[in-house]
Amino acid sequence: MTQNILTICYLIASITFILGLKMLSNPASARKGNSLAALGMSIAILGTIFLYKNDETGEYLNNYAWIFGGLIIGGIIGTLAAKKVQMTAMPEMVSLFNGMGGACAALISLVEFNHLAAETTVVISHSKVLIIVVGLIIGSVSFAGSMIAWGKLNGRVNDLSFKGQNILNLLVLALALVLGAYLVMQPHHSLLLYGILLLSLLYGVFFVLPIGGADMPVVISLLNSFTGVAAACGGFLYNNKVMLTGGILVGAAGTLLTILMCKAMNRSLKNVLIGSFGGNNTAVSSGTTSQGHFKEISLSDTAMVMSYATKVMIVPGYGLAVAQAQHSCHELEKILTEKGVEVKYAIHPVAGRMPGHMNVLLAEADVNYEKLLEMEQANEEFSTTDVVLILGANDVVNPAAKTDPASPIYGMPILDVELAKTVIVNKRSMKPGYAGIENELFFQPKTSMLFGDAKKVLQDLCAEIKNT
Amino acid sequence: MEQILNWVTENQQIIYVVVLMIFVGIEVIGRVPSVLHTPLMSGANAIHGVVIIGAIIVMGKADPDNYLALTLGFFAVVLGMVNVVGGFVVTDRMLEMFKKKK
Numbered sequence: 000m001t002q003n004i005l006t007i008c009y010l011i012a013s014i015t016f017i018l019g020l021k022m023l024s025n026p027a028s029a030r031k032g033n034s035l036a037a038l039g040m041s042i043a044i045l046g047t048i049f050l051y052k053n054d055e056t057g058e059y060l061n062n063y064a065w066i067f068g069g070l071i072i073g074g075i076i077g078t079l080a081a082k083k084v085q086m087t088a089m090p091e092m093v094s095l096f097n098g099m100g101g102a103c104a105a106l107i108s109l110v111e112f113n114h115l116a117a118e119t120t121v122v123i124s125h126s127k128v129l130i131i132v133v134g135l136i137i138g139s140v141s142f143a144g145s146m147i148a149w150g151k152l153n154g155r156v157n158d159l160s161f162k163g164q165n166i167l168n169l170l171v172l173a174l175a176l177v178l179g180a181y182l183v184m185q186p187h188h189s190l191l192l193y194g195i196l197l198l199s200l201l202y203g204v205f206f207v208l209p210i211g212g213a214d215m216p217v218v219i220s221l222l223n224s225f226t227g228v229a230a231a232c233g234g235f236l237y238n239n240k241v242m243l244t245g246g247i248l249v250g251a252a253g254t255l256l257t258i259l260m261c262k263a264m265n266r267s268l269k270n271v272l273i274g275s276f277g278g279n280n281t282a283v284s285s286g287t288t289s290q291g292h293f294k295e296i297s298l299s300d301t302a303m304v305m306s307y308a309t310k311v312m313i314v315p316g317y318g319l320a321v322a323q324a325q326h327s328c329h330e331l332e333k334i335l336t337e338k339g340v341e342v343k344y345a346i347h348p349v350a351g352r353m354p355g356h357m358n359v360l361l362a363e364a365d366v367n368y369e370k371l372l373e374m375e376q377a378n379e380e381f382s383t384t385d386v387v388l389i390l391g392a393n394d395v396v397n398p399a400a401k402t403d404p405a406s407p408i409y410g411m412p413i414l415d416v417e418l419a420k421t422v423i424v425n426k427r428s429m430k431p432g433y434a435g436i437e438n439e440l441f442f443q444p445k446t447s448m449l450f451g452d453a454k455k456v457l458q459d460l461c462a463e464i465k466n467t
Numbered sequence: 000m001e002q003i004l005n006w007v008t009e010n011q012q013i014i015y016v017v018v019l020m021i022f023v024g025i026e027v028i029g030r031v032p033s034v035l036h037t038p039l040m041s042g043a044n045a046i047h048g049v050v051i052i053g054a055i056i057v058m059g060k061a062d063p064d065n066y067l068a069l070t071l072g073f074f075a076v077v078l079g080m081v082n083v084v085g086g087f088v089v090t091d092r093m094l095e096m097f098k099k100k101k
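The listed protein sequences correspond, in order, to chains A and B. Going by numbering that gives the first Met the number 0, the first sequence opens with residue 0, and the numbers climb by one from there. Going by numbering that gives the first Met the number 0, the second sequence opens with residue 0, and the numbers climb by one from there.
Bound-form chain A, shown alone (with noise of 0.2 Å):
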């Protein structure tokens, strides 16, 4: 009896999983999804907890000290730290758990392969020993990778890369691989079970390490749909429908999530992981724009052209969400639309450093939603803009992806700002962005440049503004 109740508790939570990741892909049902696979994911913990019965035994479960105990720290943690993060820091928080994901399946296959080693009357089974080996390298894989990924966006760890690196990687992976196919035919040398760890943690490690900053995003989504097969195989190994449903669900969605998101930036995936773009690729690059001259212009004078004109197109970038002068530049707005300009925000899919990560940055500002336009809208509009607000966004206007076939972002679709009557650019410096190529448009007689802090920028133009 308990054990249909299991069974439909994990069906229930199936089916939340599958209705919760359809809601979350339309705005308006998309909160409502996200508390549904919640109050899924709690009948599936529950229903584990006090229905779940042993195969070999026969018996409920034990420790439910230990259990209890785990659930409540861990809860804590989850939600202090999905609590106090900033909006700007969400790629890593996302990353940081993904991680935590990864780990949890790695120790679960350390712990089913102990206790399978350890009955010497049975006949281990290899397709089990298949299962936990697969698990382990893929889990252990995740957690490497989302840790430096982590590490990567919140500027503790550089990139880094050198020749061979792709080699030795490949090696590293072999290498791991030949040890669990060899552990599946010879499950009694169980010490190899620690040597595959060790490899596969270091072979996440090197796999993350020379992709650039900007590809993190990519990276981490397919991380994301590591973890989701590494909670599958739990599934296959205790026959549970429910991790085998939202693991391979998880999986296939953040596959094909990996994919899009390598579209908008019109690279293929094979490019993301090996072509390491924003690591080693600078010093050929940097040397073919000519430097040229630049036009600076004062806040006063940013102030007078923003003010006389009619429409207005902000991009936003990721130096805006650095600066934290997401809630100034809907001030900004706010005053320019009470002069009677009309503002609107131009979001490249890539700005900041996730798709839809400056949608929600702006959102956390009150930007109005319908403000934001996507970047075929926004294209269409350049024309008729009269000035173009680049805040902080540097790759996503670059010409160069139109016409230099040798950039490395060339191919990637970009705004055409350059449509537009004036373009002003506010950066810190003349630096280059984070794919650490030179910008060509920062030279052209339609530019001005407009240096300083985003938010402190935004400010003085506000009070400017105001003024005038």
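Do not take every clue at face value.
Unchecked claim - Estimated spans, in silico, between C-beta atoms of each pair:
#, chain 1, residue 1, chain 2, residue 2, range
1, A, Lys31, B, Val7, 32 to 42 Å
2, A, Leu174, B, Gln12, 31 to 41 Å
3, A, Met184, B, Val7, 12 to 22 Å
4, A, Arg155, B, Glu9, 43 to 53 Å
5, A, Phe67, B, Tyr66, 54 to 64 Å
These are calculated hints, taken from the structure and not from any lab test. The structure presented is a predicted model; accordingly, all values stated were derived computationally and were not measured. For every residue, glycine included, the Cβ atom is placed at its ideal position computed from N, Cα and C.
Start from chain A and add chain B according to the hints.
Same frame as chain A, but now just chain B:
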């Protein structure tokens, strides 16, 4: 070879679930607007936290004298729970801001 074929037949239910779920996963996400990519990734991240079920089972099956298994299982439960709770709360925080204002 025969072993593999037998294995496929024995586990056909699971294999069907896997194949169908792959299609569902792709289908469900196919039409998402790019503004929702970050919340969606975060939500998916929370859902794969379902791995915690495995951690709970490991923990509950562990022999009360086997301290290695207990410790590892305990860490697995804590980490899995951080993934689940953190993931859902962070997603909710993001989506809260998408509310339409009247």
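_Of all the hints numbered above, which does this structure not satisfy? Sort the numbers upward._
Hint 5 contradicted; others consistent.
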